[in-house]
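Please take these sequences and the hints and turn them into a complete structure.
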Amino acid sequence: MEEITFLKRKAVEIRMDLLTMIYEARTGHTGGSLSSTDILTVLYYKVMNIDPSKPKWADRDRYVQSKGHSVEALWSILADKGFFPKEELKTFSQFGSRLIGHPNNKVPGIEMNTGALGHGLPISVGMALAAKLDGKSYKVYTLMGDGEQAEGSIWEGAMAAAQYKLDNLIAIIDRNRLQITGSTEDVMGLEPLGDKWRSFGWEVVEVDGNDIEQLVEVFSTTPRVAGKPTMIVANTVKGKGISFSENQVAWHHKVPTEEQFNLAIDELSKQLEVLV
Amino acid sequence: MKNVALKPTRSNKIANRQVISDTLLELGKKNRDILVLTSDSRGSASMVQFGNELPEQIVEVGIAEQNIVGMASGLAHSGKKPFIASPACFLSMRSIEQIKVDVAYSQTNVKLIGISGGVSYGALGMSHHSLQDLAVTRAIPGLHVMMPADRHEAKKMIEALVEFDQPVYVRIGRNPVEDSYLSEDYEFEIGKAVTMKTGNDLTIIASGETVRVALDSAEALEQVGIHCRVINIHTIKPLDEEAIIKAAKETGRIITIEEHSIHGGLGAAVAEVVVQNHPVPMKILGIPDEPAITGTSAQVFKHYGLCVENVKKLAEQLLTN
Chain A
1 MEEITFLKRK
11 AVEIRMDLLT
21 MIYEARTGHT
31 GGSLSSTDIL
41 TVLYYKVMNI
51 DPSKPKWADR
61 DRYVQSKGHS
71 VEALWSILAD
81 KGFFPKEELK
91 TFSQFGSRLI
101 GHPNNKVPGI
111 EMNTGALGHG
121 LPISVGMALA
131 AKLDGKSYKV
141 YTLMGDGEQA
151 EGSIWEGAMA
161 AAQYKLDNLI
171 AIIDRNRLQI
181 TGSTEDVMGL
191 EPLGDKWRSF
201 GWEVVEVDGN
211 DIEQLVEVFS
221 TTPRVAGKPT
231 MIVANTVKGK
241 GISFSENQVA
251 WHHKVPTEEQ
261 FNLAIDELSK
271 QLEVLV
Chain B
1 MKNVALKPTR
11 SNKIANRQVI
21 SDTLLELGKK
31 NRDILVLTSD
41 SRGSASMVQF
51 GNELPEQIVE
61 VGIAEQNIVG
71 MASGLAHSGK
81 KPFIASPACF
91 LSMRSIEQIK
101 VDVAYSQTNV
111 KLIGISGGVS
121 YGALGMSHHS
131 LQDLAVTRAI
141 PGLHVMMPAD
151 RHEAKKMIEA
161 LVEFDQPVYV
171 RIGRNPVEDS
181 YLSEDYEFEI
191 GKAVTMKTGN
201 DLTIIASGET
211 VRVALDSAEA
221 LEQVGIHCRV
231 INIHTIKPLD
241 EEAIIKAAKE
251 TGRIITIEEH
261 SIHGGLGAAV
271 AEVVVQNHPV
281 PMKILGIPDE
291 PAITGTSAQV
301 FKHYGLCVEN
311 VKKLAEQLLT
321 N
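Top to bottom, those sequences are chains A and B. Using the working numbering, count along the first sequence one by one with no gaps and you end on 276. Using the working numbering, count along the second sequence one by one with no gaps and you end on 321.
Think of the hints as simulated: they come from the structure by calculation, not from any bench. Don't take every hint at face value.
Selected chain A positions facing chain B (Cβ under 8 angstroms, derived; list incomplete) [stated by the list, open to error]:
| # | residue |
| --- | --- |
| 1 | SER53 |
| 2 | ASN105 |
| 3 | MET112 |
| 4 | ILE123 |
| 5 | VAL125 |
| 6 | GLY126 |
| 7 | MET127 |
| 8 | ALA130 |
| 9 | SER153 |
| 10 | GLU156 |
| 11 | GLY157 |
| 12 | MET159 |
| 13 | ALA160 |
| 14 | GLU206 |
| 15 | VAL207 |
Being a predicted model, the structure only gives us computed values, none of them experimental. Note that CB positions come from ideal geometry on N, CA and C, so glycine has one too.
Structural data, given as structure tokens:
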């Protein structure tokens, strides 16, 4: 099967898995997981140099999910990659489970505990700096939310990444334009977002973050400029992939009813059918 | 617990920050994974020489305390041994969430050295005093909290921490301090209190720079026939509960002295152990619930009764009641 088709199919399957997790657990951050699924799919199935049998392998690429609440796509992918048994997804958010509602480094494949917003970039700056100090060639990827951009610590990390010329650091903003209260531009306006990052010394590229082909292309060409960290502003759709959740702020952490769940699985199944 | 009944000298006054820097420089030459991170604070942390001699091992982060803790956790995650040297007031509270999540919860090997703690910034006022740091750091699971009493203890502590791959917050002051130990010829063990002086009439418990106040007070009390035990708690968390319970049982009365708010610090930590195991009368000496008055450390200590005269008076009260 052609690689792009494989990735597209994988993204739909991950959406089915994460929706099933959320439906069964009766809790979860649906909208942001669905918007970021394509980004994570491309990272984990195409871009990152990782080995599920050796999750702590020293030369692996690192992924830090700063927008920790959208962990469902990540749990689905890590299970599918074999970091832990897929059966364990059934324990998501249940009493005593290690698959909690945020990345948890007790689980193989998770580098750091995250979820408090604005932490991922500074952590990733430290990891990328360590690679430089050690003369290692691994890359560090971090995914942030757009609402998260209001956290001041992000801009502290942004300055440091440019200061230390961390071209092995690739940050991605899941730019779905919605946060829990409503539009990001109504809550705390971000535009011109790309220019903000450019002015902080980053190389910035904008893509359609739900377009697998564009994502593959952009990740294959990063870092773009020697000595500069890369920011990928990924324009996405919150709730992507399911007709009734797309661009609906209510689906930030809404759980589908039985009827909605069946409808969603049906829609996703139809998307799979045409991807051959 | 090892008894160290010493008569310390008043010579060799040196700031703990200098001792820590010297120790890290010595160890850093042998272990290139040791890094020092500063927040525009290499001067106030006495890290200038470290930076000059080991430029590859000092990381300047600028005035950004959240970022310095996040970066340190990322560096530690990749096998480095980062020591952050940053003003205690900002390091402990401005970045407390990073300390909770990126350091303690993620169990990254980050050492947080809070410099110029307590009231050692003197006239700079409440914004720069660090009198809540023990309360907030003590409440975080997985984080060790320590305070060295003098140069001998500061050196031993740093040597131990280089080999100890767990998160630690260390608070030190700014000024030169008198020795509390005669020499470094004593056993330092993380989590184990040190009995500085034996005695069974009452126990004075102190930490950091107040250990010297405790020793001087015990000496004054000795002259009026009151035999105090003096315990130095260099590790506030985890606390040496055994030493505290033993002191409560054997001496029946306890005074704690700390350069910290009376809420949530050393006295509170000791009281939690005492009331749940062997309740005895206690006095908690510290900074009251107010913005601390400004002045030199000695002036502030005296103002709030962290001094020989007041400890002696309280001890006599405890023994007559």
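For each hint, the structure was consulted:
no.: 1; hint: SER53; in the structure: violated (20 angstroms)
no.: 2; hint: ASN105; in the structure: holds (6 angstroms)
no.: 3; hint: MET112; in the structure: holds (5 angstroms)
no.: 4; hint: ILE123; in the structure: holds (4 angstroms)
no.: 5; hint: VAL125; in the structure: holds (5 angstroms)
no.: 6; hint: GLY126; in the structure: holds (2 angstroms)
no.: 7; hint: MET127; in the structure: holds (4 angstroms)
no.: 8; hint: ALA130; in the structure: holds (3 angstroms)
no.: 9; hint: SER153; in the structure: holds (4 angstroms)
no.: 10; hint: GLU156; in the structure: holds (4 angstroms)
no.: 11; hint: GLY157; in the structure: holds (5 angstroms)
no.: 12; hint: MET159; in the structure: holds (7 angstroms)
no.: 13; hint: ALA160; in the structure: holds (6 angstroms)
no.: 14; hint: GLU206; in the structure: violated (25 angstroms)
no.: 15; hint: VAL207; in the structure: violated (26 angstroms)
Of the hints listed earlier, those the structure fails to meet are numbers 1, 14 and 15, in rising order.
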